[in-house]
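Number of protein chains: 2
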Amino acid sequence: MDTKSTETQSTSLVERASKVMRSYFPILEWGARYTGKTFSNDMIVALIVTMMLIPQSLAYAILAGLPPEIGLYASMAPLLLYAIFGTSRALAVGPVAVASLMTAAAASQLASQGTPEYLGAAVALAMVSGLLLLAMGFLKLGFLANFLSHPVIAGFITASGLQIAAGQLAPVLGIHAEGENFLSIIISLWHSIGAIHIATTAIGIGSLIFLFWVRSGLKPLLIRLGLNAKISDILVKVGPVIAIVATILIVGGFGLADKGVKIVGKVPGGLPKLSMPPMDMALWLKILVPALLISIIGYVESISVALTLAAKKRQHVDPDQELIALGAANIGSAISGGFPVTGGFARSVVNFDAGAETPAAGAFTAIGIAITTLFLTPLLFFLPKATLAATIIVAVLSLVNIQALKQTWAYSKSDFAAMAATILVTLIEGVEIGLITGVGLSIVLHLYSTSRPHVAVVGQIPGTSHFRNVERHTVVTDPAILSLRVDESLYFPNARFLEELVNESVAANPAIRHLILECPAVNTIDSSGLESLEAINLRLKDGGITFHLSEIKGPVMDRLKRSHFLEELTGKVHLSQYEAVASINPDLAKITHEANVQKEM
Amino acid sequence: MDTKSTETQSTSLVERASKVMRSYFPILEWGARYTGKTFSNDMIVALIVTMMLIPQSLAYAILAGLPPEIGLYASMAPLLLYAIFGTSRALAVGPVAVASLMTAAAASQLASQGTPEYLGAAVALAMVSGLLLLAMGFLKLGFLANFLSHPVIAGFITASGLQIAAGQLAPVLGIHAEGENFLSIIISLWHSIGAIHIATTAIGIGSLIFLFWVRSGLKPLLIRLGLNAKISDILVKVGPVIAIVATILIVGGFGLADKGVKIVGKVPGGLPKLSMPPMDMALWLKILVPALLISIIGYVESISVALTLAAKKRQHVDPDQELIALGAANIGSAISGGFPVTGGFARSVVNFDAGAETPAAGAFTAIGIAITTLFLTPLLFFLPKATLAATIIVAVLSLVNIQALKQTWAYSKSDFAAMAATILVTLIEGVEIGLITGVGLSIVLHLYSTSRPHVAVVGQIPGTSHFRNVERHTVVTDPAILSLRVDESLYFPNARFLEELVNESVAANPAIRHLILECPAVNTIDSSGLESLEAINLRLKDGGITFHLSEIKGPVMDRLKRSHFLEELTGKVHLSQYEAVASINPDLAKITHEANVQKEM
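Top to bottom, those sequences are chains B and C.
Read left to right, the first sequence gives residues 1257 to 1857 (this note's numbering).
Read left to right, the second sequence gives residues 1257 to 1857 (this note's numbering).
These aren't lab readings, by the way, just hints derived from the structure by calculation.
Keep in mind it's a predicted model, so treat the numbers as computed, not measured.
All C-beta atoms in this analysis are idealised placements derived from N, C-alpha and C, irrespective of residue type, glycine included.
Worth double-checking, as some hints may not be accurate.
For lysine to any residue, the following SDA-like pairs were computed, each having C-alpha atoms within a straight-line distance of at most 20 Å [unchecked claim]:
| id | chain 1 | residue 1 | chain 2 | residue 2 |
| --- | --- | --- | --- | --- |
| 1 | C | K1662 | B | E1823 |
| 2 | C | K1396 | B | I1699 |
| 3 | C | K1542 | B | T1693 |
| 4 | B | K1568 | C | K1396 |
Stretch-level coverage of chain B by chain C, calculated; a stretch enters the list once three of its residues show a Cβ under 8 Å from a Cβ in chain C [as the list claims (entries may be wrong)]:
| id | stretch |
| --- | --- |
| 5 | 1476–1484 |
| 6 | 1654–1666 |
Build out the structure end to end from the sequences listed, making use of the hints.
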């Protein structure tokens, strides 16, 4: 379906230019209709999202192995840029759990946490991810995200969630544990479990219990208290702020920081300085693969949230423009000293539920974060790291979906294999190798499933011109004619299969003198398919068999005419299977229901 | 088509076991029917092929950077083992040009030519290739060869041929040049062109001219002299032996070896000692990727030759058993100190044309090579390396097919892109990266082409129950009902496309209340497709639109019943598109040719 074709021929150059501008800068579209009422709406939304984003940005920066203020930096420029370039009205970009974990995994292969090189690697990841997304957007390469099949994404997110949760158990318990994958983190936790810090654990476990209660018990309570469901939902999402304020007061009030409870400490105030990340090509090449994985995982999550929210109000989301918007957001993050960002699920839903009418809500959220960075960072001094870790654990455990394994098993064994492999390799080896394994395996399984298309030997239904599978219908056949119907395009995944099938069929049936390939389901024939047809034609010729085709579709025929195949073909191309058989054996075609009626295997 | 189902239930256990044995050991099949006449036939064939194989095995060993006797070693055990396990009557295995080049590329990354480590790496490549082929055979993984599309193989072989020819120009001219790819070899040649050795060049260029004449001029001459075409063909293939004998006599007779003409020198006589290659797992892991590439390239070439020759006599070739046979041949090569082998095109054709009736001809060829190794190696002392290089150049230039680029361009631009990229990267960077680039690009292009399936908006043809594309037919539609027909399976390459398409269609048509997906061409729905359908269903529900399906195929419906999708579906699954529309708008369905008839864009 080409909706572009509806464009009228009379469109003037100016109109076209304006249309292109509006497609690259959606802000021109919604900005023109912006009113005072929309403004006050968007301001309220921004306030709510800011309160939700502050603890998240601090927590995800720490998860990525970075100083907490980097999370705040990554929550300003990206939101402003998304407001200019984004097509979703409700998407809220910023640091997210899985991308933060992947940032940590990639950066820690290049430098140690806490070093300027580590921070530089994280910033470079945002830059390269941004450039890759931008390139994919301009070159319309969004289809590359298709490499991630649903089972692979689901498995990867479940495994990442488990790894993040395991990693955050250490700060919750006041111990030290580290590792590049779930398995090594668990082993590390096991070894240091004896060193649990009681006060930290009290705060951490307390926060965990509170946050889980907020998720499960607060909403029913609020509804009983008379609030409507939507407002209750929003308050539930802002719940972590309560935990944060409470534990700041406890740690500050009881002087627990001096008793070994780890706190965020001094968060440098002030806006980030803008600067281009160094054009270190050697570094950029080293991080190319992780940056690509982060980009694609981020994009897939983001576009899925955007489409879901857009559908509720029948709004349009442009997938290619979304790549450009996320690319700009990541480049913005890098230039303001931040790390990779993408559209977050929970925060976008809050944005939507709170009534965000335009991307301006995101811009106002950025201003909220800027005010926080300028004036409120001293308030975060006593914020215990255990509380942040607890908010992460509660957030990521909602991503873990072991149930999906069971459903996938019931639905498709090969999808289950891809999903299980992704989960296992991610848990045992780490995020990058886990994701690559999943993608590789799902491509291999896809190739396998398309490499053996359904092929039926067909015969004529007596008294008709219809041809059907000899295994399912009582049909008439001529032992000298083999008619095969291929229910798939002829392209490289199955090209060799067809050659082998013909070799097998001909070797097994010495009486054959003619082979007809019925092609009503062949939507395309690529060069490999053509090569196979040519090889089959030559081999059959050597064996004294003529090769015919029937029911070739128009566009496929057009293309075949551009090759030498039709000149070399020993038989003919027939409009219908009936014509093909009739041209070879006119008597058989006329047979109605006497002789030769058979139910072959 | 499942030919296995023809097996009768009454087959006894003994018969089954015997059948399995015969399928794994085809020698049991043809060996039982072996007669004296077949024997004398096979002996003559073996003599001809031995004469052709001696110079080839020496030359390809040198091409692989190995001592010449290694080529002879690789031409004994593999032939014997293929005779036991192979299903092709005419395939002649042994060292081939492209696999030798790939062996050199892989081994020289691990050690310098001439060192025991280099030889060890070459032997290990044969071992690992053999094990991989064996595993692919037993696990029925032959479909992995489908990763190599025809344009990629054709491009790769052309580029390899150019690289080999360029590399062999140095010994022909008596100069030294080396490089890991065509480009660096050409540069290296350019720098040493001044040091041309006159006597060597005379022999080398002389051999080249003679060999080219043998290819083009000898056959017509022989036919004029009264020989038949087939015998002339065979004599042409044995032509290199004449060049070799002549140049041995010239170099020996005129004492040119003392004047700087490089000769093969002392080739150690005697049969190779059998020994297991060291189980060096670290080394095996390092060579895993090149060994896999060598295996698959070798298999693809070999099976293609086998199928072509089998077709001429309507013989059966079993692709999985061929993997096992080539695996055994390579392991045999490794155990007898040889390097990777596969079925060679030219030599198999000679084998076939000379009348090889059974794989025993290959076994007798192995005996011929063994006799050569035992008694005739002193005769090779004065064999100039320039002559061997000339035989390689003439052989590989026949692989170079630049014309194919033009044909592929005419037929398919995306296949052309894959082919051109394979050629360029191979020439500029080297064989492994070239092949990997080609495979990667063809998978990406395949994914792209399947990621945007044909989708049509359909309407009812007045007076009928048929639904057709609104862009091509005059049909009736209801503005509240959008009917989409998808002409492709719903699976991960296009799952996201469908979501985006529905988002776009719904955002563009505010009047829509019902969406019907007509699925007559949907052969399968994988987990990603199911997830998309679920997301579409939920999103449409949020937008107040019911979602219907029609004409779901039986096996697809069976699978959908194993998921929760049908329970969640807001609409229904209808047997036909007509029923679907009739259930929503009974009046419209009855309309024959009045109102609303339209020819939409």
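To see whether the hints hold, each was checked on the structure:
| no. | hint | verdict |
| --- | --- | --- |
| 1 | K1662(C) x E1823(B) | 18 Å, holds |
| 2 | K1396(C) x I1699(B) | 17 Å, holds |
| 3 | K1542(C) x T1693(B) | 19 Å, holds |
| 4 | K1568(B) x K1396(C) | 48 Å, violated |
| 5 | 1476–1484 | violated (count 0) |
| 6 | 1654–1666 | holds (count 3) |
Violated hints, in rising order: 4, 5; the structure is consistent with all others.
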